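Number of protein chains: 2
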Amino acid sequence: MKIYELKRAPNARRVRMFLAEKGIEMAYHQIDLGAGENLAPEFLAKNPAGRIPVLELDDGTYLSETLAICRYFEELHPEPNLFGRTALERATVEMWSRFIEFNLWLPTGMAFRHITGFYKDRETVFPEWGEECKQQALAWFAKLDARLAEQPYVAGERFTIADILALCSIDFGKVVDIRIAPEQRHLQAWHDRVSSRPSARA
Amino acid sequence: MKIYELKRAPNARRVRMFLAEKGIEMAYHQIDLGAGENLAPEFLAKNPAGRIPVLELDDGTYLSETLAICRYFEELHPEPNLFGRTALERATVEMWSRFIEFNLWLPTGMAFRHITGFYKDRETVFPEWGEECKQQALAWFAKLDARLAEQPYVAGERFTIADILALCSIDFGKVVDIRIAPEQRHLQAWHDRVSSRPSARA
Numbered sequence: 001m002k003i004y005e006l007k008r009a010p011n012a013r014r015v016r017m018f019l020a021e022k023g024i025e026m027a028y029h030q031i032d033l034g035a036g037e038n039l040a041p042e043f044l045a046k047n048p049a050g051r052i053p054v055l056e057l058d059d060g061t062y063l064s065e066t067l068a069i070c071r072y073f074e075e076l077h078p079e080p081n082l083f084g085r086t087a088l089e090r091a092t093v094e095m096w097s098r099f100i101e102f103n104l105w106l107p108t109g110m111a112f113r114h115i116t117g118f119y120k121d122r123e124t125v126f127p128e129w130g131e132e133c134k135q136q137a138l139a140w141f142a143k144l145d146a147r148l149a150e151q152p153y154v155a156g157e158r159f160t161i162a163d164i165l166a167l168c169s170i171d172f173g174k175v176v177d178i179r180i181a182p183e184q185r186h187l188q189a190w191h192d193r194v195s196s197r198p199s200a201r202a
Numbered sequence: 001m002k003i004y005e006l007k008r009a010p011n012a013r014r015v016r017m018f019l020a021e022k023g024i025e026m027a028y029h030q031i032d033l034g035a036g037e038n039l040a041p042e043f044l045a046k047n048p049a050g051r052i053p054v055l056e057l058d059d060g061t062y063l064s065e066t067l068a069i070c071r072y073f074e075e076l077h078p079e080p081n082l083f084g085r086t087a088l089e090r091a092t093v094e095m096w097s098r099f100i101e102f103n104l105w106l107p108t109g110m111a112f113r114h115i116t117g118f119y120k121d122r123e124t125v126f127p128e129w130g131e132e133c134k135q136q137a138l139a140w141f142a143k144l145d146a147r148l149a150e151q152p153y154v155a156g157e158r159f160t161i162a163d164i165l166a167l168c169s170i171d172f173g174k175v176v177d178i179r180i181a182p183e184q185r186h187l188q189a190w191h192d193r194v195s196s197r198p199s200a201r202a
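Protein chains in written order, with our numbering: chain A, 1 to 202; chain B, 1 to 202.
Honestly, the hints are just simulated from the structure, not real lab data.
There's no promise every hint is true.
No distinction is drawn between identical chains; accordingly, a pair holds when it is met within one copy or between any pair of copies.
Unchecked claim - Think about it this way: if two alpha-carbon atoms lie no more than 30 Å apart in a straight line, the pair counts; the simulated DSBU-like pairs of lysine-lysine are:
(1) Lys143 - Lys46
(2) Lys120 - Lys46
(3) Lys120 - Lys22
(4) Lys7 - Lys46
(5) Lys2 - Lys143
The structure displayed is predicted, hence computed values, not measured ones.
Please take these sequences and the hints and turn them into a complete structure.
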């Protein structure tokens with residue numbers, strides 16, 4: 001098995017952190033996003049969305065999308081469990097994972113692309129829309145702070161994939177000054193706790 | 001159990017179609033999105049994202065997010081299987097579901113909101129960004145047509161949740177003139193086939 005990625009990209013970090021929690025060793029091949037290697041025909045044959053990471057299985061099958069890759073490894077290596085054990089816990093983990101992805105991760109990514117113009121060689125950017133996305137992401141910092149006042153982890157009593165998604169999103173947001181506010185102490189305490197896990201440095 | 005929704009909303013259709021495929025009867029309670037009922041404190045206590053659908057369990061637990069709700073019912077009622085049977089099939093269904101959600105469903109929703117200004121009473125709209133999203137969605141119509149030239153269904157050999165997501169997204173897109181092109185005959189044939197399922201009228 002092998003993963004095509006760019007180590008410094010936040011999406012790559014999500015899978016790396018997940019695999020580190022599982023104790024799974026992996027071979028990596030770096031893709032030069034800045035040069036557009038991900039948009040070349042050879043890479044699009046691996047992933048029609050042109051995004052990293054992509055997992056190549058030993059039989060040559062390619063799997064894309066972070067959550068699909070992580071869930072695949074959850075099934076191959078069930079422990080430690082990171083997606084939930086019962087039907088209700090799994091649904092709760094997925095609900096919070098989606099809250100994070102759609103309301104924090106995506107707006108943060110759009111803020112980055114539209115404020116910095118990082119990919120302006122290949123897409124039209126709208127800086128005002130980027131600023132709007134930044135505010136949308138920040139609004140969810142407050143919601144997460146309220147959640148973490150009641151529960152130690154994003155999806156409940158224990159560390160799950162939802163925490164990995166939230167940590168990688170929040171850390172990525174710093175590039176466009178999306179930051180935890182001083183008064184969001186529950187969110188900050190959670191951030192300190194999750195950041196201290198060895199997997200956070202994967 | 002009960003689902004809070006708005007029947008004409010495309011997100012509600014995704015869950016309704018899924019439940020129809022499973023043969024699950026459900027009680028529904030309508031939420032007036034136009035009047036902002038979903039943003040009132042009473043509803044936000046059920047779902048902090050302020051979105052429909054929300055599933056209320058018999059013990060008063062609330063579950064939000066279409067895919068979390070559908071996967072919960074997949075576990076309670078495994079047949080007919082709509083999320084995949086093996087680890088690899090499940091990952092493939094999830095990969096294609098995410099391709100659809102992030103590249104077709106989300107851009108279509110943003111095109112709708114930013115072109116029509118449907119929610120301009122509660123959000124800033126950027127019509128040019130809406131037009132850009134429309135083009136992004138249309139680019140995936142071509143990718144789906146190529147996929148469906150090789151496979152009868154979005155995720156492979158058989159009907160899955162990925163087909164439900166694609167159908168509901170494509171049908172919703174018509175409101176902003178996002179439509180299957182005449183030359184996309186594989187996509188059109190798939191659309192005809194999937195639309196003829198009784199669940200498509202749920």
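Cross-check of the supplied hints:
1. Lys143 - Lys46: between (37 Å within a copy, 13 Å between copies)
2. Lys120 - Lys46: Within one copy only: 24 Å inside, 40 Å across.
3. Lys120 - Lys22: neither (37 Å within a copy, 45 Å between copies)
4. Lys7 - Lys46: Within one copy only: 18 Å inside a chain, 38 Å across chains, cut-off 30 Å.
5. Lys2 - Lys143: Between copies only: 25 Å across, 37 Å inside.
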